[in-house]
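Student: In order, the protein sequence lines correspond to chains A and B. For the first sequence, the residue numbers in the numbering used here are 1 to 250. For the second sequence, the residue numbers in the numbering used here are 1 to 429.
Because the hints were derived from the structure by calculation, they are not lab data. Every value quoted in this text rests on a predicted model; they were computed, and no experiment measured them.
FRET-style restraints, in silico, Cβ to Cβ:
#1 Asp318/B with Asp120/A: 18 to 26 Å
#2 Phe26/A with Thr335/B: 44 to 52 Å
#3 Ala244/B with Gly134/A: 47 to 55 Å
#4 Ala314/B with Leu25/A: 24 to 32 Å
#5 Gly134/A with Ile246/B: 35 to 43 Å
Note that the Cβ used here is the ideal one computed from N, Cα and C, for glycine as well.
This is what each chain is made of:
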Amino acid sequence: MTANDALPAKPRREIRVVIVDDHSLFRQGITAGIGAHVDLVGEADDVGSAIDLIVAEAPDVALLDVHLPSGLGGDVITGVAERTQSSPTRYLGLSVSDAPQDVLGLVRAGARGYVVKRIDSIDLVDAIAQVAEGNAVFSPKLAGFVLDAFATNPDRSAQDSRTDDAVEDTINDHTSGATDGSNSSDIDLLTPREREVMQHLARGYTYKEIGTELHISARTVETHASAVLRKLQLSNRHELAHWAARNRLL
Amino acid sequence: MTRIFDFAASTGFPGCVLATDGRDWSHVDRRAFNSSAALVAFGVDATTPVKRDRPVGGPQDCWRCGGFGRSPTWCVTVDCSSGVRGAWAGGRFGVIVYGILWAIGVDQPNQPRRRQLRYDLGVVALTGAGLVVVFVLMPSVPAQLLGPLGFVAFALAFSARSTVGADLVSGRAFSRIAVGLVLMFAGLFAGAAVLGDIGQVWVMGAAIAAVAAGVGVVLAPWLRELIDGASTDRIERVRAEERADIAAHLHDSVLQTLTLIQNRSHEPQIASSLAYQQERELRSWLYEHAADRGADTSAANALVRSKLAGVSAAVEDDYLVAIDLVCVGDATLSTPLNALIGAVREALINAAKFSETTSISAFVEVGAERAEAFVRDRGAGFDPEAVPADRRGIADSIIDRVARVGGAARIRSSPGDGTEVHIEVPIDS
Chain A
1 MTANDALPAK PRREIRVVIV DDHSLFRQGI TAGIGAHVDL VGEADDVGSA IDLIVAEAPD
61 VALLDVHLPS GLGGDVITGV AERTQSSPTR YLGLSVSDAP QDVLGLVRAG ARGYVVKRID
121 SIDLVDAIAQ VAEGNAVFSP KLAGFVLDAF ATNPDRSAQD SRTDDAVEDT INDHTSGATD
181 GSNSSDIDLL TPREREVMQH LARGYTYKEI GTELHISART VETHASAVLR KLQLSNRHEL
241 AHWAARNRLL
Chain B
1 MTRIFDFAAS TGFPGCVLAT DGRDWSHVDR RAFNSSAALV AFGVDATTPV KRDRPVGGPQ
61 DCWRCGGFGR SPTWCVTVDC SSGVRGAWAG GRFGVIVYGI LWAIGVDQPN QPRRRQLRYD
121 LGVVALTGAG LVVVFVLMPS VPAQLLGPLG FVAFALAFSA RSTVGADLVS GRAFSRIAVG
181 LVLMFAGLFA GAAVLGDIGQ VWVMGAAIAA VAAGVGVVLA PWLRELIDGA STDRIERVRA
241 EERADIAAHL HDSVLQTLTL IQNRSHEPQI ASSLAYQQER ELRSWLYEHA ADRGADTSAA
301 NALVRSKLAG VSAAVEDDYL VAIDLVCVGD ATLSTPLNAL IGAVREALIN AAKFSETTSI
361 SAFVEVGAER AEAFVRDRGA GFDPEAVPAD RRGIADSIID RVARVGGAAR IRSSPGDGTE
421 VHIEVPIDS
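If we strip away everything but chain A, and leave its shape as in the complex, we get (with noise of 0.2 Å):
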């Protein structure tokens, strides 16, 4: 997974970071390949500790693994929203798990994003600047369960195709604007645009090389990401559910 480079981006250094791992080996290998670009301010290896951390030091930016000793991943964003109301701390997932009960489960919780442990260095510290940004990261991996789980009616793609591409200028910030006064069903389905961004996103495309294939802007796309992980948070979709089901989610 390439994040976007395209993107203004805080300078890196003041990006500050904490690490959520059990394994103090891979917190060790993780600080020697992003030291040099981010501000580490602390590692945690449980919920309880994590929780602590990110209330006290309030980073930027908080990797977080899906499976820690004393619960997961995801009751580490609980926790911390639990204790304060206005945290600034936004999440990306790292994990070795692909599995989708892991990817949903860390997604839903309010992860920005999720990443594998196998992304190199330069990737992750691409990927960190997008989530301190409020970007969206999907790993290709995490786009193909999106595209599984909103499998669209082709019928209903057809007839979506030409009003999506035309309001598709005219949004340029903040997600919220685009899908808070849509109705609900609309949040069960992926706008033909979105469904494009996210077959290059497992594609192994960045967003800047999508913007290019598509004709937009690298922001755009990543307006489109974000309101995928929206969706991805709040749906009920049916499919969603069923799709959960059967990989044992919810």
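Given chain A, work out where chain B should sit, using these hints.
Tutor: Showing chain B alone in chain A's frame:
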């Protein structure tokens, strides 16, 4: 289990062992059983020290069949001819005990059904025999009692059966016991009614209920402990087995691979390939293992995906590359899909051989009417126009292959900018 054993061994009564756990005899300490069984059946000294957790088939077991018995003479295993002789040697009493042991299926640890059937047959036979004995020995007993007494006997057998070969702690066992007790009381009432005064029936019923309640109060704590112990032991056993299973797997796979990687650490490509292989193997063991237990993983459902996973794994192993494979949708294999998979394989191999990178992305989406695949690398790339016409690899193995099933393949590449192969086939339904 051990608790049950202590009890069985201390009473020297094999029936207790049978009644409390008829399920898995491989875990029963045979000598403990043997000494108690022998005490009852053959009058052999039962004070032999009891050693637990001895492996099955030790020198103290029947050397013909590995079954119960300190020697073939005393072996009670039904399929062991010496056992039958042993029973004869034990005299008529020995034959009867042997018959009972056979009926409850002591010798067939893993056949609960057969054991239950035998148990039922045994109960019928024993009840009949018992009634005959009663009426022969005590002619004064009125013949009308035959029916009610038989009924009571069956009621008892019915409730007792629930504890043979069944999970003691299950609610079902308890409900069966309750039903059996109700039936038994009904039988007693019927018997009393047959004898005459219905008023006496109530007095007798009350007396029986009081005695039963008293016995229940006395026995409840012990019974409770017995049941708790049995379930705790069972849980511990399952856990221990699972731990052993995991340990064995890790030892055979991960530890071996780690050793290999240490030995090959000066050859980073091989070490990394080993790590990938091991990762894949462990992942499938962890997650597909778990998925097997879930629903909706019918074989017909997983064909394209699993075949692609196999193809991709083989290319990873052969060419020491990492393939990021993403599959969406699934279908049973068909001619077009096989062509697609074959073309994907060729594209992966080309990327692995010529791209000069070790990382390849593959995305396959199977829809209702068509299936698409993208194989992409960020490597050297090439000019598709400049490929000499006599180099037939791409044309034959990718483009023509999918064209034959009505599909199409496009190759997009330029020097320095990687390569993407797009393959598309229609799915005829």
